[in-house]
Each structure stands twice: as C-alpha cells, then as structure tokens.
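Protein chains: 2
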Amino acid sequence: MCGGVGSRFWPFSRRELPKQFLDFFGSGTTLLQATFERVRPVVQPENIVIVTNREYYDLVRAQLPEIKEENILLEPARRNTAPCLCWAAHHIAARDPEASMVVLPSDHLVLKESAFHEALRRGFDFVEGGDRLLTLGIRPSSPHTGYGYIQRGEPTGTDSILKVKSFTEKPSEEMAKVFVNSGEFFWNAGIFLWKTSSLLKAFRECAPQVAAAFDDGDYSPKGEREFIDRSFPAAPSISIDYAVMEKAPNVYVETVDLGWSDLGSWKALYEVSPRNADGNVTQNCRLLASDCKGTLFAVKGDKIIVADGLKDYIVADSEKALLIYPIAKEQGLRHIVNEVKDRFGEQFV
Amino acid sequence: MCGGVGSRFWPFSRRELPKQFLDFFGSGTTLLQATFERVRPVVQPENIVIVTNREYYDLVRAQLPEIKEENILLEPARRNTAPCLCWAAHHIAARDPEASMVVLPSDHLVLKESAFHEALRRGFDFVEGGDRLLTLGIRPSSPHTGYGYIQRGEPTGTDSILKVKSFTEKPSEEMAKVFVNSGEFFWNAGIFLWKTSSLLKAFRECAPQVAAAFDDGDYSPKGEREFIDRSFPAAPSISIDYAVMEKAPNVYVETVDLGWSDLGSWKALYEVSPRNADGNVTQNCRLLASDCKGTLFAVKGDKIIVADGLKDYIVADSEKALLIYPIAKEQGLRHIVNEVKDRFGEQFV
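Chains A and B are the protein sequences, given in the same order.
In terms of the numbering used here, the first sequence is numbered consecutively and its last residue is 349.
In terms of the numbering used here, the second sequence is numbered consecutively and its last residue is 349.
A portion of the hints provided could be inaccurate.
Same chains, same names: a pair is fine if it fits in one copy or spans any two.
Claimed, not checked - Derived pair list, reagent style BS3-like, types lysine-lysine, alpha-carbon separation capped at 27 Å:
hint : residue 1 : residue 2
1    : Lys320    : Lys303
2    : Lys267    : Lys293
3    : Lys311    : Lys267
4    : Lys329    : Lys267
5    : Lys300    : Lys341
These are computed hints drawn from the structure, not numbers from a lab.
In this text the structure is predicted, and so the values were computed from the model without any measurement.
Take the sequences, apply the hints, and build the full model.
Next comes the structure, spelled out in structure tokens:
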C-alpha cells in the first residue's frame with residue numbers, strides 16, 4: 001500500500017511527495033524501497049504488487065524500476081484501505097485463485113528483519129491452513145496513545161498466534177498504561193495476511209458495499225483499467241480495520257517484536273533514530289550545536305545547521321519551508337499545515 | 001568602497017558574496033545599489049568610482065551596469081582602506097587635480113536621505129575651502145559598543161562642523177554611556193570628505209609607506225592596471241582611520257543625524273528593521289509564528305517559516321546553511337563561522 005498522503009511530516013512530506021517516497025534516514029533508500037527490499041526474501045519480486053494513487057505513478061516507477069508495469073495498481077481516487085485491498089485481492093486472485101497475500105504499508109520502519117521474515121512465514125502457514133484473517137500485533141514498548149490496540153483472546157495451537165478478542169481505537173494515556181501492563185494488548189501495525197479468497201469472502205460478508213463495487217460488473221485482468229475507472233470511485237471510503245477486521249468472526253493476531261514504528265510523526269522518527277550524546281538526532285545534515293538537547297534536525301539537500309539553545313525541538317528544513325517547532329506540541333502540526341495552506345497557498349503543503 | 005568581506009552576516013554573506021551585494025531588505029535593491037542611488041543626487045554617475053576586489057568584478061558589473069568600466073578599480077589584493085583610498089585619490093586626481101571626493105562604504109544603511117545629501121553638500125563646501133579632512137560623526141542614539149567614537153573639539157564657524165579632539169576605539173559599555181551622556185561623542189561612520197590633494201598630502205605626511213607604494217613609480221591612468229598589479233600589493237594593510245585620521249592635524253567632524261547604521265551584524269539589522277507586534281522581524285520571508293518574540297527571521301528564496309517558542313533569536317537560512325542562534329550571543333558568530341570552516345569546509349563560509 002503506497003497511496004497515502006500525510007501532513008504529519010510537513011514540510012518534508014507533501015501531497016506531491018508523501019512520506020513513503022522519502023529517504024528519511026539519509027541512507028539512500030526511501031521507505032518504499034526499504035519495504036520492497038524487506039519483503040523480498042519472502043515474496044518474489046514478480047509477486048509484489050504496489051497499490052498507489054495515479055499521481056504517484058512516476059515516483060513508484062523511478063523508485064522501484066524492478067517492478068513490472070502490470071504490478072502497479074493505480075487508484076483513480078482516494079478511498080482509504082478497504083477498496084484498495086479489495087482490488088488488490090481481486091487482482092491477485094485473477095492470477096492465482098489459491099494465492100495468499102501479505103499487506104504492508106510502505107512507510108513503516110522495521111528494525112528486526114529476520115523476526116519480520118519469520119513472522120511472515122509463520123503467518124502464511126497459518127492463513128493457508130484455513131479461512132483466517134491474520135493481523136500482526138506488536139508487543140508494546142510503551143503506553144503509546146498514537147496507535148490502535150488489539151486485545152488477544154484464545155490461543156490457536158500455533159505459537160504466538162491467538163484469536164482477537166477486541167480492537168481498540170487510540171486510547172487515552174491512562175487506558176494505554178492499563179493495556180500495556182495487562183500484557184493482553186498489542187499495537188495494531190496494519191500488517192495483514194490472508195488468502196485472497198478469505199478476504200474476498202470477508203468483504204462480501206462484512207462490507208457488501210465495498211465488495212459490490214468490484215463484484216457488480218465485468219472485472220477481468222484484461223479490461224482492468226476501464227473497469228477500475230468506473231467502479232473504484234463508487235466504492236465507499238473506509239478502512240480495512242473498520243470494514244472487515246473489527247467485524248469478521250475469523251480474525252487472529254500474531255504477536256511479534258519487530259523493532260517496528262509506523263513513523264507516524266516527527267516525534268516517532270526522533271524516538272527510533274540514533275541520538276548523539278546530547279540526545280539530538282540529525283537526519284541528513286551536519287550539525288554544529290551548542291546547548292541543544294532532545295532536538296531532531298532534518299534537512300533536505302547538502303546543508304549544515306548551526307544551532308544554539310534549542311531544547312526538545314523539531315527543526316525540519318525543506319526547499320519550501322522551515323519548521324522550528326517544539327516536539328511536545330507536534331499534535332498541533334496538522335492545524336499548522338492547514339493554516340500554512342490558508343495563508344500562503346497550496347504550494348507550501 | 002566595495003571590497004569588504006565579512007562573516008558577521010553568515011550564512012547570508014560569504015566570501016564570494018559579501019554583504020554589500022545582498023538585498024537585505026527584500027526590496028529588490030542590494031546595499032551597493034542603494035549606496036549608488038543615494039549618492040547620485042550629489043555626485044554625477046560618471047564621477048562615481050567603485051573600488052573593489054578583483055574577485056567581485058562580475059558582481060559589480062551586474063549590479064551597477066550604469067557604471068563605466070574605467071570607474072571600477074579592481075584591487076589585486078586585500079589591503080584594508082588606506083591603500084584603497086590612496087589609489088582612488090590618485091585615480092581621481094589624475095582626471096582632475098582640483099577634485100574633492102566623498103568616501104562611502106557600500107554596505108551601510110541611511111534612512112534620512114535628504115539629511116544625507118545636505119550633509120554631503122555642506123561637507124564639500126567645507127573641505128573645498130581649505131586643506132581639511134572631514135569625517136561624518138553620527139549623533140549616537142544609544143551607548144553602542146560596536147562603533148568607534150569621535151570626540152568633537154573647537155567649533156569652526158561652519159555650523160555642525162567642529163575640529164576633532166580625539167578618536168576612540170570601540171568602548172566598554174560603561175564608557176559608551178559616559179560618551180553618549182556627555183554629548184561630545186559621535187559614532188565614526190567611516191564616511192569622509194576631502195580634496196584629493198589634501199588626502200594625498202596627508203598620506204605623505206602621516207603614512208609615508210602607503211604614499212610610497214603609489215608615489216615610487218610611474219603611475220599614470222594609461223598604465224594603471226600594470227602599475228597597480230606591481231605597487232598595490234606592496235602597500236601595508238592598514239585602515240584610513242589608523243593611517244591618517246588619527247594622526248593628521250587637520251581633521252574635522254560634521255555631526256549629523258542620518259538614520260544611519262553600519263549594518264554590522266544581525267543585531268544591528270534587527271534594530272533598524274520594522275518589527276511586528278511581537279517584536280519579530282522578517283527579512284524576505286513569510287512567517288507563521290506562535291509564541292515568538294524579538295526574533296529576526298531571514299531567508300533566501302521563496303520560502304516560509306513556521307516557528308514556535310523562539311525568544312530573541314536570529315533565524316537565518318541560506319542555501320548552504322541554517323543558523324538558529326540567540327541574538328545575545330552574536331559576538332560568538334565569528335568563532336562559529338571559523339568552526340564551520342574547520343569542520344565542514346570552506347564552501348560553507
């Protein structure tokens with residue numbers, strides 16, 4: 001899944017260049033490329049399908065030249081994750097009705113790659129053994145209030161895979177602490193495994209409106225583009241969690257420890273990045289800092305930063321905008337971006 | 001005088017692009033261009049001579065296309081202001097031995113233009129009436145410790161022009177307060193008027209080493225370039241204040257109120273710039289600030305800044321470097337620039 005658009009990393013991510021296309025760690029690899037490389041030991045490149053918005057076609061081609069043309073599914077409209085995955089399941093099932101699939105957001109960080117590969121292999125074994133929808137649940141390292149949580153239920157006989165008891169939206173801090181201390185709750189990473197047939201069945205049962213957008217018509221791999229142009233925009237905009245996972249009776253969680261972050265914000269990026277002795281983080285820049293602590297410095301291009309006296313800040317500098325903002329206030333960044341758009345124009349966001 | 005190189009406005013001013021060539025106020029006019037326009041009502045353009053370093057030739061041509069080739073004097077080496085003015089006096093005297101001249105740094109701000117024109121006209125009258133060296137003394141608006149001070153002496157009979165009693169280097173804050181309260185001291189603006197013949201005489205009497213570099217040889221307007229290549233580098237590197245003004249017996253000060261600043265630092269720029277209600281200054285940028293006070297925001301190019309929580313800072317962003325630095329510490333900027341050079345290389349300074 002590579003169609004997301006976000007303002008949480010403004011001014012780095014913009015509508016024209018969302019986060020998955022950025023080289024956040026200055027490693028020469030964008031998050032999309034890293035996701036591709038990460039899944040490659042488990043899924044053959046010719047079986048990796050990218051679903052993205054039509055406006056990102058050139059970016060995907062440029063960043064993943066190895067991906068064949070027919071493996072890039074271009075959404076004509078933004079409809080959240082459920083229609084995206086319903087289309088992907090149809091597309092894959094048309095090639096192989098027995099296929100199973102893993103769904104990966106293209107903008108996450110996974111530090112423990114072999115644990116990730118093991119989790120996928122175990123997950124495929126599990127979903128191929130029956131009509132099962134599996135989601136990865138990340139063992140929480142803190143009472144994070146920015147993630148949804150999954151409560152585990154009955155064991156399944158497969159080690160570390162359990163029935164899901166409940167899904168919870170982002171909790172309050174107090175609630176998050178209870179969740180984490182209980183040992184029963186896991187972060188919802190948005191990584192899913194299932195047989196395409198299981199997912200299509202689940203759509204028909206749990207989200208008939210989504211299913212109908214693809215079932216009512218003449219979907220075939222040959223006429224796919226025309227079909228999608230007509231049908232996709234008619235699907236409701238709804239997430240896979242809400243449309244299927246929270247409703248289906250056959251949902252399981254595989255509990256894992258992957259060194260995972262959804263890199264959902266500057267703060268999340270700060271938390272997973274290596275820090276210097278003063279607790280500062282530099283992304284792609286050279287820094288001469290004095291009396292600075294707990295600050296993330298991120299720059300585009302070959303540029304140096306000289307800073308003095310900043311405590312717990314985000315300093316993010318792109319071609320079009322410079323952000324100097326307290327990390328603690330970053331929940332307000334979304335409003336800031338809207339204000340920037342209103343005052344200075346679309347071109348800055 | 002247009003040959004200066006400075007680090008006090010880093011990262012805006014750099015060796016390749018010193019402050020006089022910058023459009024500091026985003027007005028579409030560089031300081032050099034503003035200086036040219038400012039003196040034009042008093043001095044015909046064909047009589048305006050630019051002395052600069054050879055490496056800035058292209059910049060001068062581009063910024064002042066109206067100036068004729070032969071009016072640009074290109075120093076082959078950096079020798080401070082005394083050799084620069086000795087050459088200029090020879091050059092002008094060769095055209096007209098009776099000429100008088102006004103010396104203007106090309107990187108200062110003057111807000112009161114008609115007072116400036118009046119001061120120059122009165123000054124020319126004064127120096128053309130005898131063998132006199134005249135410097136402008138700015139009525140101080142604060143006990144500034146970044147300027148040299150001139151103490152006025154006996155009146156001359158010409159209103160507002162007095163004999164100079166003494167020159168003082170940059171004083172301590174305590175001393176500066178005494179100076180300002182006495183009413184006897186004026187800021188040394190580095191703006192001078194004299195007949196070329198008076199200056200050349202003064203060089204021969206007060207700074208024979210400087211005079212000798214130009215007198216010992218075959219200076220003529222025709223062979224000027226070859227002569228200068230040979231002689232100029234042989235002159236000692238010394239300021240006009242130290243070489244002549246502090247020694248000559250015939251030095252006078254014209255006390256003026258010009259809305260003048262030497263724009264000697266970010267702080268000086270902040271002080272002369274219009275501020276918004278929070279006491280913030282923006283140079284060439286659009287700002288969305290929250291909880292910021294007393295901060296100067298300066299940007300190159302079409303860029304916006306979003307800032308929160310900065311008090312009394314300089315935020316200066318160029319293509320190569322971003323500076324976020326407390327105004328109060330700006331005396332340390334010179335060291336910072338040296339450290340940048342040592343750690344990151346020449347290309348950043």
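Structure-based check of all given hints:
| no. | hint | result |
| --- | --- | --- |
| 1 | Lys320 / Lys303 | both (14 Å within a copy, 5 Å between copies) |
| 2 | Lys267 / Lys293 | both (14 Å within a copy, 25 Å between copies) |
| 3 | Lys311 / Lys267 | both (14 Å within a copy, 23 Å between copies) |
| 4 | Lys329 / Lys267 | within (10 Å within a copy, 29 Å between copies) |
| 5 | Lys300 / Lys341 | both (21 Å within a copy, 21 Å between copies) |
Hint violations for this structure: none, all hints satisfied.
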